[in-house]
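So the protein lines, in turn, are chains A and B.
Per numbering that gives the first Met the number 0, the first sequence starts with residue 0, numbered consecutively.
Per numbering that gives the first Met the number 0, the second sequence starts with residue 0, numbered consecutively.
Keep in mind that the hints were calculated from the coordinates and are not lab data.
Built from N, CA and C at the ideal position, the CB exists for glycine as well.
Take these hints with a grain of salt, some might be off.
[Said to hold, decoys possible] DEER-style ranges, computed between Cβ atoms:
no.: 1; chain 1: A; residue 1: 545; chain 2: B; residue 2: 86; range: 27 to 35 Å
no.: 2; chain 1: A; residue 1: 572; chain 2: B; residue 2: 27; range: 19 to 27 Å
no.: 3; chain 1: B; residue 1: 125; chain 2: A; residue 2: 771; range: 27 to 35 Å
[Stated by the list, open to error] Selected chain A positions facing chain B (Cβ under 7 Å, derived; list incomplete):
no.: 4; residue: 271
no.: 5; residue: 275
no.: 6; residue: 555
no.: 7; residue: 586
no.: 8; residue: 652
no.: 9; residue: 653
no.: 10; residue: 660
no.: 11; residue: 866
no.: 12; residue: 867
no.: 13; residue: 869
Single-letter residue listing:
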Amino acid sequence: MRKIRLPLLIGLLCLAQILYAQNRVAGKVTAESGAPLAGATVNVKNTNTNVMTDGDGNFSIVAPDNSTLVFSYSGYETVERAIDAASPGNITVALRPVQSALTEVVVTGYTTQTRRQYTGSVNRIAGAEVALQPIASLEQLLQGKSPGLLIQSQSGQPGSAATVTIRGKGSVLGGTQPLYIVDGIQITAADFGGINPGDIETYNVLKDAVATAQYGSRGANGVIVVTTKRGANAKTRFTYDFQYGIQALPKNKLKVMNSAEHLDYELNYDRPDGLNPFGWTTADVDSLSKLNPNWEEAVFRKAKTQQHILSASGGNERTRFFVSGSIFKQDGLVRNTNLDRYTGRANLDHTAGNLKIGLSTTVGYSEFSGTNENDNVITTPLNAFRWTLPYTTPYLPDGSFNTGDVGLNPNPLPDLFLNINRRKQIKGVGSINLDYRLPFVRGVSVRTLWGIDFTDDQNEVYTDINTQANQVVSGGQGAINNNTLRRTRYTGTTSVNYEKRAGDHNFGGGLFTEIVNRTTSSTTFTGYGLSGPLKNVSGITPGTTTNNFIPNVGGTRNAEALISYFFIGNYDYKGKYFVNLTGRRDGSSRLAAGNKYVNYGGAGLGWLLSSENFMQSQAYINTLKLKASYGAAGNASIGDSYEAFEQFGNVSYNGVGGLVLINLKKPNLTWETRRTANVGAEFTMFNSRLNGSIELYSAITNGLYLNRQLSSTNGAGSITTNLGKLKNQGIEVALGYDIIKTRNLTLNFNANWTTNKSEIVALDGNNEIISGISTNRVGERANSVYLVRYAGVDKKTGEALYLKRDGKTTTDVYDPNDAVITGSFDPKGFGGFGTNVSWKGLEFSALFTYQYGYSVYNNARADVENPQYWYSGLSINMLREWKQDGDVTDVPSAFSDFRYATTRFLEKGDFLRLRNVTLGYSLPRSLTDKWKLNGVRVFVQGQNLYTWHSFLGYDPEVASGALTGAQYPALRAVTAGISVGF
Amino acid sequence: MKKIVQHISAFVLAGAILASCSKKIDLAPTNTVNGEKFFTSVDDYEFALTGVYSRLKRNSLYSGINGGSVFLSGVDIAADNFRSGPQNLGNLNTMFRWNYTADNDVIKGAWDAAYVVIQQANLSVRGIDRFRATAPKKVNRIEGQARTLRAFMHLELLRWWATDYDRNSASPGVPYVDVFDIEQKPARPTVKQTYDRMEADLKTAKALLSDTDVPVQSVTSTASANRFYVDSLVVNAILARMYLYANQLDSAIKYSTYVINARPLATAAEFPLIWQDVSSKEVIWSVNYQTIDAPLAREIYRPAVVTEDEERSWLPVTALTSAYQGADVRGPAYFTTRFGVTVLNKYFAKAGVSRPDGIVNFKVFRTAEMYLIRAEALARKNLDQSSLADLNALRTARSATAGAEAGAALLTAIQTERRKELVVEGHRFFDLKRTVRTVNRTQNCSTFCTLLPDNRAWSLPVPQTEIIANPNMQQNPGY
């Protein structure tokens, strides 16, 4: 009986098409902001007639009278609109983003549910919202877009990755980076620079335990589940996107002395090394003072960015496809740094009866040319250009590099221009999945997904004979290092799933098994003697016993595996009361025998209050859902693949191979477990003009990895042990409000804010574990700043003063025992806010992001305020140095012992950033039709245009808490682009 | 009912798929070896022993790039042999300025690195007793070397951290660690107790090394590739140095004599070749350095082909360079003028190397030191004539002028000779310390010219990390 239903239905539809009068309906689909939505699906309800909107959001469809059109777009609420028989000509539909809409699909990687049903904490960001930003590495696009998601991008180097933290750092020693899942398989975060953000459909940020417990030992730091674009049952649509822009250097608030100032310092500020150490004559001073070469211009440039993306998508009832190709070229602000990326993607879906097959593949080839950053090495160009004397010119009159700095400071330019530091990466991510509905048991399906994340990195470091780096090269005639790294991670997930609806009861569940296996191998060699014309491996001179050109060869090989069994289930009653349950058992190759398996689980409850009868009488609240969850996930991100075992590594002496202990055995090591309790509310109010969510969480990390201090007389100063307990508590708020919502004009404001507070609860008997300038102490925030408090300068002696531990008395004797907690390296709060305005074809949006309540230790400043380096570039602050009895200043005499570990170099990191501004215009349909185009949109945008901060450097966004030196300035760009559909 | 059966069978099927996978998580290391499973034959211990030697090249001991070679450069920078040069990277400034505190990373690096050598020495004999019955002589050879290296590193630690070197001193020595156990938190034994165990280790090592399967190395050969390991001759040299520090003069004379008789001094012609690693004449023990290793004493001076690439952090004071008079072969061997500046030449490069790189073998013990030990011990016993004979024997070998000192002048002359002979071999600061003298710098020393005998800086502070981790640890006075 069931079999004949389908043909019959199709027959009826055919009939309907004949019977009813046909109308061509045209119109436009936009976002609430008025921004056109390209690629939205328009479907005639209860038929197979589909079209997709063009680049302008315009569509045209043939539909019978009195039919209803269904408008859908991923990340937006689906809207139905009946065709007005009187004027079928033009329909404009504005779709609401589903941020709080309960119909949104929640993607957790293993399952999908509607937001209405889901009780966990998941934020979703549509790929289209962020894809235009001219940034290569896709996690950086998410800054300020989701509550609870902290993105700290330390570097503006093209393709560099950001530090991502979800709901506070749950670990002190272990990794705090979330797990990334793309189309069902785990991928390595560091390689995001190799993937085209334009291919991304949604980003889903999993935050609470019912969501993350599904990922067991990998879930504690949160999970970001990325889905890529897929085809639709519609006419094939091509889109070409182009973008071009310019980057410029932000201002460095840490000024170095100019020539006159530096000479003044050399001649008039007494030091242990004596005055006028270079022995300048008055005439020298006169002529040198006039030299103020522009070092910044020698090292930096205005840099170009351009991008081309061509994509096609479409399909029919049984087969759908999405293919794309992209070229991304970004020059870095620092000369000779850049990223060239080429990607291709093909996503395919096919349905054959009960069987669905899906294929997702992408391949990318990227070339990164970089320079060293965030170190304090004198030859690093980003240090050297500031550390050179200000009266040393970059070039000699004949155009060659000037290497004659009298302070013997290296010239950064040879290293920057002549050396090569290039990474060529082939990145492949592919997966295939099968989904088979068992014909003999209703509601049961079997799924399997197998995928691979493959990275092949070829790192090439060429050291030219004429550079500073060549100094430490064996044989001193240049070198070439070639490092090949190949990482393969496969993920295989198989599940049996069951769904059952019985009256008011609705049940779904699955039993899963998964294996994740990663193998990494690398081979490296360094060849020497590149004195000839060839700047690649062909130029290596063979080594002899005397020429010091004997090549260095090495490599590593390791593997790890994770095997898991888990259950994911959901239940709801009357569509008002919801339960989610998950349990997982993970076995890891990295733990010692007997400790290999660890269990995780979570449960969530939800109540859709607005569906209750008593809520129907009021008019303010449209929807309201309350939810709560509790559960545990693990953090396996600690140590290497064999961390639990006593490991001896290879060494050599006198040409003979040997072994030394490199890793202590840890038979009791287990994974950190983060237990999170989450309560929250999601609501829409005032005719759905206001939507928002509030969530409160409290997470406790048990078995916190810490370095248990050992007496170093054992040859090991510490051992990683599960000995602490850390609490993170926070509040997340997200709000959106439609101020104006008319046919032609919309104005919307949105904001999100997160505050997080960490607290060390226990350290297994110890009160405190200090590591350098940070400490973890019971009762205090994790990674608290631990420094001796600087208390200015003794105006009589010029000695630096420090506060004693008691905080009352000052002393000029530096004592490390006087160090106290003076703040935290992790932000107290962060978030973003912005607005979208649209008027007819014009749209404008702005996004601000902010972080506050944290400190940054500015070692880059300390290194230019150390009077011992008088022969190098110095901060202008040094002109305030104490000179004689009575001077009131904050910079001690050069005779005072210089101390790094004091609060003198601790600065506030708070900032407010104008992250993105975009102005766009969609050409009128009348025009594009004439050109036979399917929509044209042009835009101009500014990225990171301005940042308000007081940090003495380029930018206070320093994830590690300390800026060591060599800061690569944050990206700051203006780009313009066009998107054409055809 | 039929449905239930189907459900169950589906789950059973799924379970079967899962169960077969458990073995996939039993992975053994591929880029390292598991120490608990690896050492199954006495030959495996040879690898661990080689590891001990390689640890001697660790940063912060004798070579290093950023760490600072506290046991080599630091010993002379803290004393009166050097002044700040034109391009001072500041890496060992703290040693020059004597302002080290317990949280100093350089000091911590030195303490840790020394104990890492000791750790590896202990590991290289962990469980080796299992093989004593089957391969006794092989075990002797491995254990003898391990004990020697362990004792030697403890002596190195004692020199920096003890406040007093007397054999019977009750002041704190350094923890003597002879077993690998990460949980131990040793207190500081007295200097006397430290010596007791060091002496016992060395005497046992000597006995073991006299009964080995094959000789560790040649005692007599002067080939360039000889003397990279420790044998019973090296044990004698360590004992001679130890007894001099401990003020046990007869024993110092006895053991230095063993060494002097076994490996005579180099001639004036041979002498420069020692420093280019052409000859191992009069070398008792040297640590082998190769191109891939860090340069020695780089904090003081690192040569380069062109002037701007040179790292001239510390320059020798004139009081030292002018002390080599006449035809003294040490002057040109130890110091040279490059690009108009007089710099240390001792660690310049191996012979034949096309570009100097600061990489040569580190001569830990030479016969010259044994002459100076014996001369000093004899002089202290008021045997001035024998003492002077030794002193002049050395002077003559170096083409320096022989002298006729006696009494206090003789002792002073011996110390002067030590300064000239052993510059940047890890002696000067300790020689001043053990003879309770004052550091008197006279050239470019700013406010850091004098270190009086009562200053805390004569001994390094125990690292703050050690004080925190080990409640039994005692800090040195003044820190």
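Here is how each hint holds up against the structure:
Between residue 545 of chain A and residue 86 of chain B the Cβ separation comes to about 28 Å, which falls inside the hinted range of 27 to 35 Å. The supplied range of 19 to 27 Å is broken by residue 572 of chain A and residue 27 of chain B, whose beta-carbon atoms lie about 51 Å from each other. Between residue 125 of chain B and residue 771 of chain A the C-beta distance comes to about 32 Å, which sits within the given range of 27 to 35 Å. The interface hint given for residue 271 of chain A is met, as the beta carbon of that residue sits about 4 Å from the closest beta carbon of chain B, less than 7 Å.
For residue 275 of chain A, the interface hint is violated, the least distance from its beta-carbon to any beta-carbon of chain B being 14 Å, above 7 Å. At its closest, the beta carbon of residue 555 of chain A sits 4 Å from a beta carbon of chain B; the interface hint therefore holds under the 7 Å criterion. Interface hint status for residue 586 of chain A: upheld, as the beta-carbon distance to the closest one in chain B is roughly 5 Å, under 7 Å. Contact between residue 652 of chain A and chain B, as hinted, is supported at the beta carbon level, the nearest pair being about 4 Å apart and thus within 7 Å.
The interface hint given for residue 653 of chain A is met, as the beta carbon of that residue sits about 4 Å from the closest beta carbon of chain B, less than 7 Å. Checking residue 660 of chain A against chain B: minimum C-beta separation of about 6 Å stays under 7 Å; hint holds. Interface restraint check: residue 866 of chain A against chain B, minimum CB-CB distance 11 Å, threshold 7 Å, status violated. Look at residue 867 of chain A: its Cβ gets to within about 5 Å of chain B, closer than 7 Å, so that hint holds up.
Below 7 Å, beta-carbon pairs count as interface contacts, and residue 869 of chain A has none with chain B, the closest being about 10 Å; its hint is therefore violated.
Of the numbered hints listed earlier, those contradicted by the structure are 2, 5, 11, 13.
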